[in-house]
Amino acid sequence: MTLNLAILFVSAVLVAGVYATMSYGLALIFGVMKVINLSHAGAIMLGAYVAYVLIVGLKMNPFIAAVVVVPPLFFLLGILLERVFVRPVRKAPPIASLLLLFGVWLMMQNIAYIIWTGEVRTITTPYTMMRFNLGAVPINVNRLAVFLVGVFTLLALHQFMTRTYLGKAIRATAQDSAAAKLAGINTDQIDMVAFGLGTALAGMAGALTALIYAFDPNFGGSYMLKSFCIVVLGGVESFLGVALGSLILALAETLSVLWIRAGLQDFVSFVILVLALLVMPGGLPELFQRRFAVRQR
Amino acid sequence: MSREIKYPQSFKPNCPKGGVTKVIQRVRILAGLLTLVMLGSSLGAFAAPPAPKEIVIGAALPLTGTFAREGGYFKDGYEMAVKEVNERGGIFVKEYNKRIPVRLILYDDKSDATTSVSLYEKLVTEDKVHALLGGYSTPLIQAHTVVPEKYKVPYVNGGGASTAIYARGYKWIFGLLASIEKLAITLMNWIASQQDAGKLGKPLRIAIAWENTSHGKDFQKGILDKARASPDRFTIVFDEPFEIGSKDFTPLLQKVKAANADAWLVDARIADAILMQRQLTELGLYFQVISYGPRGTEKAIRDALGPAADYIVSVNWWHRDLPYPQARAFVRKYEETYKKPAEWFPALAYETARVLFRAIEKAGSLDKAKIRDALAKMDMRGSIVVGQRVWFGPNGQIDNDYVIMQNLPGRGPVLVYPKYVALGEAVVPIPKR
Chain A
0 MTLNLAILFV
10 SAVLVAGVYA
20 TMSYGLALIF
30 GVMKVINLSH
40 AGAIMLGAYV
50 AYVLIVGLKM
60 NPFIAAVVVV
70 PPLFFLLGIL
80 LERVFVRPVR
90 KAPPIASLLL
100 LFGVWLMMQN
110 IAYIIWTGEV
120 RTITTPYTMM
130 RFNLGAVPIN
140 VNRLAVFLVG
150 VFTLLALHQF
160 MTRTYLGKAI
170 RATAQDSAAA
180 KLAGINTDQI
190 DMVAFGLGTA
200 LAGMAGALTA
210 LIYAFDPNFG
220 GSYMLKSFCI
230 VVLGGVESFL
240 GVALGSLILA
250 LAETLSVLWI
260 RAGLQDFVSF
270 VILVLALLVM
280 PGGLPELFQR
290 RFAVRQR
Chain B
0 MSREIKYPQS
10 FKPNCPKGGV
20 TKVIQRVRIL
30 AGLLTLVMLG
40 SSLGAFAAPP
50 APKEIVIGAA
60 LPLTGTFARE
70 GGYFKDGYEM
80 AVKEVNERGG
90 IFVKEYNKRI
100 PVRLILYDDK
110 SDATTSVSLY
120 EKLVTEDKVH
130 ALLGGYSTPL
140 IQAHTVVPEK
150 YKVPYVNGGG
160 ASTAIYARGY
170 KWIFGLLASI
180 EKLAITLMNW
190 IASQQDAGKL
200 GKPLRIAIAW
210 ENTSHGKDFQ
220 KGILDKARAS
230 PDRFTIVFDE
240 PFEIGSKDFT
250 PLLQKVKAAN
260 ADAWLVDARI
270 ADAILMQRQL
280 TELGLYFQVI
290 SYGPRGTEKA
300 IRDALGPAAD
310 YIVSVNWWHR
320 DLPYPQARAF
330 VRKYEETYKK
340 PAEWFPALAY
350 ETARVLFRAI
360 EKAGSLDKAK
370 IRDALAKMDM
380 RGSIVVGQRV
390 WFGPNGQIDN
400 DYVIMQNLPG
410 RGPVLVYPKY
420 VALGEAVVPI
430 PKR
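Protein chains in written order, with numbering that gives the first Met the number 0: chain A, 0 to 296; chain B, 0 to 432.
Chain A on its own, in the form it takes in the complex (with noise of 0.2 Å):
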C-alpha cells in the first residue's frame, strides 16, 4: 500500500509538472491583458509539430528543440497575433477577443490538418522508454525531464518578473493598466510582449508534452480545459499559484483513482473548478490572503 502510494505520489508531481508548464501562458496573458486566449491550444498543437519536425525530421535534440528553438519561434507567432487579431479588439467587449481567439484556434487547428492531416503521431526518443528507480519506484526520464524543465520554468519567469524592468513593467500593468501608463509604462509593448511571451511558454509546452503523448491537431483542446482549472485554483496572477493549482489538480485526480473509476478523473477535475470559482474565485492567493488577514487582526 506505501509502495503504490509512493509510485502514485510521484506520477502525480509529474503530472503536476506538465500541466503546469501548460498553464503558465494562459495565467500570463490573462493576468496582463485580461484577455481569454483560447487560442492557446492551438499553440500547444502547433508547438508539438514544430516539434516534431525539429526532432523526426531535422534530427535536432528534443530537448533543445523544445526549449531553445521553440520558444522564440512561438514568441514571434504571439507578437504577430497579438498584432493583427488581438489589438484592433482591445477596446471592444471581452466577448469580441474571446471568439475571435477561439476562430484563431481553429484556423491552426484547420492548418494543422492541412499540413500533417489527421493522423496520430509520436515523437520516440532514446529517452522515451527510459526509467530508473527510486528506491522501488520507478520513474520515466522524459515525464522526469519535463517536469525539471517546468520547474526550470517557474524559476526563470519568476526572475524574470521580479528582476528585470520588462518584468516589473508586466506587473505594473497586470496589476493596473491605467496607472502603469501614468508612470510612463508603454502598455500596448507591455501587451504585446505578454502575449509573445505567454504564446512562446505555450509552443514550449507543446513541444515538451509531445516527448510524452501521442498528438493530432485536436491536441491541446483537453490540456485548455485544465489549464482553465488550475489558472482559476491558482490565481490568474500567480506563477507559483499555478504550479501549486497543478499540483493540487493533479494529486486530486491521481489520488481519487483510489476509490472512484478512472473513467471519474475528468470529474474530479471539474468539480475542483467549480468550488474554486464558488469558494474563493480569486483562488489560493486570495485564501492565503484570508487566513493571513484573520491573523493580523
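Keep in mind the hints are simulated off the structure, nothing from the lab.
It is possible that some hints are incorrect.
What the hints assert, rightly or not - Computed spacing ranges between beta-carbons, pair by pair: (1) F269(A) / Y419(B): 45 to 51 Å; (2) K121(B) / L274(A): 43 to 49 Å; (3) K58(A) / Y419(B): 53 to 59 Å; (4) G305(B) / N185(A): 49 to 55 Å; (5) L4(A) / G381(B): 56 to 62 Å; (6) K170(B) / F269(A): 37 to 43 Å; (7) P230(B) / V273(A): 48 to 54 Å.
Don't be surprised by glycine CBs; every beta carbon is placed ideally from N, CA and C.
Following the hints, position chain B against chain A.
Same frame as chain A, but now just chain B:
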C-alpha cells in the same frame, strides 16, 4: 352499321360469291390489330421514361477535423470503386437495358455530427441522389442515419460498427462492419483456442478497461457475456472505463496490478493505447496476453512503442495480407494508385460502394425501394471482406468474422486467426522480457 362499298367492275367477276366481304373483314381485323400494336407500343414508350444520364450517389465524409485521416481513406475507397465501375460504362440497369455511369457527390462534414446530418439532408432533398454511401465513425453515422430512414433512401456504410446504429429498427440502413461486441467475442474465442492448445491456463484471470463511449461499452459487453457463458475458462478480475485522452494511466494500471490479472484486454484509441502501453512497460507489468481491441498493430503504434509493441494482439475487420486473390488485387491497385498502405478504411469503403452498385444491378431499377430490397437480400460472394461474403442480418448489419493479428519481432503484424486466413502461429504467452 354497314356500308356498301363500290368495287371496280373488273374486280367483281374474279371473286367468288361472298368472298369480297370476307377479304374486307380480314383486312379490317388486320388493320385493327396493327393499330392496337402501334398504339400499345407508343403507350409503352410513353410509360418508360428515358434512362437517366447518370446514377447519382452521395456521401458526407469527415475530410477535416478529428476523423480527417480516416475520412480521407474513405474518399479514396469510394472514388476508386466509382472509377472502376465507370470504366466499364457504369452500372447495368435492366429497366433501361443499358449501363449508366455513376456520379459521386462527396461533402466534408468536418467531423461534426450536426453538419453531417445537414449534408445528408442536402444530398437527398437538393441533389436528389438515388442512393447514399455512409460516413465514418459511430457518432456521426448514428446521427446522420436518421436522414435516409426518414426519406426512405437506401444507405450503406463501412465506417460504423456500434450496435447502437442498428438497434433502432431502421429498414434503410445497412453496414459492412461487424459489431464491436463481435470483436470482443472473437478475441475471447481466440483466447479459448489458445487455452485448448494448452498455451494458456484455465480459468484465465482477465482485466478489461474500455474507453467511456458506446464503442467501449459494446466491447465490455462482448467480453463480459463471453466470460459469463464460460466461467470455467474466464474470470474477470478488473473492469473499468477510462476517459479518452487521459494524461496519466499510472493510477489505473496500479489497480490492474493489484488485481493480479493474466490478460489485459482494452478498447482504446491509438493515442491512449500508446500512452497506456508505455506506462505499463515502465511499471514493469507483465501479462500473458495484451490486446488494445482494434488497435495495437498499426504502424503509428509500432513506431511509437518500438519493442514494447511486440506481441500485442489486435482484432480487426480487415487486413492487407488476407490471402484472397481479389483482396490482393485491391491492395496492389490501391497502393499503386494512392501510394499509401492499404488499411482497412479504404478497403471497407471500396467494398461498401461495390455492394451498393451490386444492389442497384440486382434491383434492375433505380427505384429506391427495389434497391433497398436488393440490399436486404444481398448475398455477394467473392468479396474482399473476411469470409469473402457480404450479407446483412435483419438489423442491417453484417455478421462476418474478424481477423486477429499479432506484432511479432522482426516480422511486424502477422495474421494469426481465424485458421482459414492465418499466416503464422501466435506467440502465447508473451515471453517475459
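Self-check item: Range agreement (Cβ of V273(A) with Cβ of P230(B), hint 48 to 54 Å)
Solution: 43 Å, violated
Quiz prompt | Cβ distance range 45 to 51 Å for F269(A) and Y419(B), holds or violated | solution = 50 Å, holds
Self-check item: Range agreement (Cβ of Y419(B) with Cβ of K58(A), hint 53 to 59 Å)
Solution: 45 Å, violated
Self-check item: Status of the given 43 to 49 Å range, CB of L274(A) versus CB of K121(B)
Solution: 45 Å, holds
Self-check item: Outcome of range test on Cβ distance (L4(A), G381(B); 56 to 62 Å)
Solution: 60 Å, holds
Exercise. Given the hint of 37 to 43 Å, check if K170(B) and F269(A) actually sit that far apart at their C-beta atoms.
Key: 41 Å, holds
Quiz prompt | Cβ distance range 49 to 55 Å for G305(B) and N185(A), holds or violated | solution = 52 Å, holds
In summary, the structure is inconsistent with hints 3, 7 from the numbered list given earlier, while agreeing with the others.
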